[in-house]
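Q: Input sequences plus hints: build the corresponding full structure.
Quick mapping for you: the protein sequence lines, in order, are chains A and B.
Numbering (the numbering used here) for the first sequence: 1 to 74.
Numbering (the numbering used here) for the second sequence: 1001 to 1475.
Treat the hints with care, since some could be wrong.
To be verified - The calculated SDA-like cross-link candidates involving lysine to any residue, where the alpha carbons are at most 20 Å apart (straight line), are: (1) B:Lys1091 x B:Ala1136; (2) B:Lys1091 x A:Asp21; (3) A:Lys24 x B:Lys1413; (4) A:Lys30 x B:Arg1074; (5) A:Lys30 x B:Lys1091; (6) B:Lys1083 x A:Val22; (7) B:Lys1413 x A:Glu44; (8) B:Lys1091 x A:Glu20; (9) A:Lys24 x B:Ala1020; (10) A:Lys24 x B:Arg1409; (11) B:Lys1083 x A:Glu18; (12) B:Lys1413 x A:Thr43; (13) A:Lys24 x B:Arg1082; (14) B:Lys1091 x A:Asp16; (15) A:Lys24 x B:Glu1077; (16) B:Lys1083 x A:Thr43; (17) B:Lys1265 x B:Arg1044; (18) A:Lys30 x B:Arg1082; (19) A:Lys24 x B:Leu1094; (20) B:Lys1091 x A:Ala17; (21) B:Lys1413 x A:Asp4; (22) A:Lys24 x B:Lys1265; (23) B:Lys1413 x A:Asn41; (24) A:Lys30 x B:Gly1080; (25) A:Lys24 x B:Arg1044; (26) B:Lys1413 x A:Glu20; (27) B:Lys1413 x A:Asp21; (28) A:Lys24 x B:Arg1074; (29) A:Lys24 x B:Gly1098; (30) B:Lys1091 x A:Glu18; (31) B:Lys1413 x A:Arg45; (32) B:Lys1091 x A:Ala19; (33) A:Lys24 x B:Ala1136; (34) B:Lys1083 x A:Asp21; (35) B:Lys1083 x A:Ala17; (36) A:Lys30 x B:Ala1020.
Stated by the list, open to error - Pair ranges (Cβ atoms, derived): (37) B:Asp1237 x A:Glu48: 53 to 59 Å; (38) A:Glu18 x B:Asn1360: 41 to 47 Å; (39) B:Ser1154 x A:Ser12: 40 to 46 Å; (40) A:Glu18 x B:Arg1214: 26 to 32 Å.
The set of hints was computed from the structure by calculation and includes no laboratory data.
Here a beta-carbon is modelled for each residue, glycine too, at the ideal position from N, C-alpha and C.
Take a look at the letters that make up each chain.
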Amino acid sequence: MQIDQWTAFIASVSNDAEAEDVLKSGDVAKIAMLAQSRGFNFTERDIEDANLESGALGEEILERISGAMRGIFR
Amino acid sequence: MQALWTLADRMRAAGLTPPAPEDITPFANIKRFHERWIADPAFRASFPSDPARLASAFDLRVDPEEMRPFWDPRTREAIGLRKAEYAPVAKRFLDFVGRLGRHRNQEIRSIQPDDPRFAQWRTRQIYRLNLEVGTALSPNPHIPLSFELSRGCSVGCWFCSASPPKLGDVFRYTRENARLWRDVLEATRHVAGLAPTSICYYGTDPFDNPDYERFTRDFSEVHGEIPYTSTTLPLRDVERTRRLIARSGPNRLRFSVLSVGMLNKIHTAFTPEEMLLVDVALRNEGSTQSHQMNFAGRAREHVKTYQRHHPGDPLIDTPSCRSGFLFNLVDRLIRLSSPCAPDDRWPNGERVYEEAYFDNGADVARILEDMIARHMSTVPSQQRTLRFQRCLQFESTAEGFNLNSRYLRQRFKNLAATPFMGRLGSLVDSGRHTAEQVIEILGPGCADILNHLFRMGLLDDEPVAAGSGSLIAIH
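A: Structure, rendered in structure tokens:
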């Protein structure tokens, strides 16, 4: 998997609570299925290549509210 | 004077369905409860033991039981396991904020500079940053344009990533300045296209400029909408702020809050309904949002204070939201920059590619074209020595090579059409060859792969110090 595909996949998941939960579960099989449902042909090894433990994926519901109310800037 | 709109008007103007009229007050009250919960550690400590009394003491007009998922982690867990449900009003509120979030993402996805060189450069910056700091579910907008209407800032937040000087000159709306402003906006529209997601502040506070609203009105006439505003001074002139709230659509206005006391005053000055579309960024000590505070800019000079706000390892994310051109109208300065992880070289979390000064609108058009030509090539420079971005580790493999960042491993394989892949990776990793030389060694067939690596933001394009490179120099 390459960065353009990963970037596009994360963008497709953003603000879809159920899809975000699948992503945060770290279950590579489920994430690969989610990706396929969004038109991305990722293997389980592709998902393992993305380090889901680090990065900015760990939002809880309170942060999801803050994030959604955040406006578009940091 | 622009009309002051109702909340429903402002949401419809943004293409969003407003909440049902009977939901506006409940939603506004839930949002206010949420702000108190996030900001106030004493409130968080005492609320669960006596919710009704605390809600009343803070004038929070919510049913604590309906709010339970927001303050009781066990209830949240039960909802996650589908053993409990949100109260209907809380569910509708979450749907509402979900719509706002999706609207924000659509706005970000719509950002596309008109100039194809600029557009491709910005995309490369997005990929490179995602490899440096991770791909966030809340995407960085990488806005192409930003404008500062004063020099420095009167607030002086200890954590400010832009680390500006104290407030100096302010760009007032004189006849001459208004003409220059229009010329700058028109020149930027030629390269960026309509750019309504721009900002008219950065290392400045909008309300330090008494004419901010006049400038933003001109901006909206050229770029289609009033720009996004973030201020730490919503209480300096409450009526001025109130007028700005009434003109600001969803995802268009933010108050930065520095203390619980400041939040108290905001909650006193503005009604919950007025604040429903205002983002409140809680930067105070004890806020649960403290973990989002970057170790960049002035925070790097206040390590102990930073550690109080953000115990543990510092957050190395980027504070910047800009991949493009910043204008300071006081100094008549144009800077081309892009977000990066803050470090000793780029402590503010922004790479600066070039700076130049202008006198008039014609200068601006010429400088923008020059910077685009110098820095936004759509293929790798034939002369510059090739390297991978320094956030990437090269790994030679039996199949070809991998490029590993902290967040993603990318595999590049020797295939029938690209039998040279592993060798190409080694040549780039050696840091001793230009694109021209690599093509000479491996043959013309590798040019497409070099172009691909370049477009993915994998080849080093970090600015080099003045005088040390022919492609990129900081003037």
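Q: Which numbered hints does this structure break?
A: Numbers 1, 3, 4, 5, 9, 16, 22, 25, 26, 27, 36, 38 and 40 - these are the hints that the structure violates, sorted from lowest upward.
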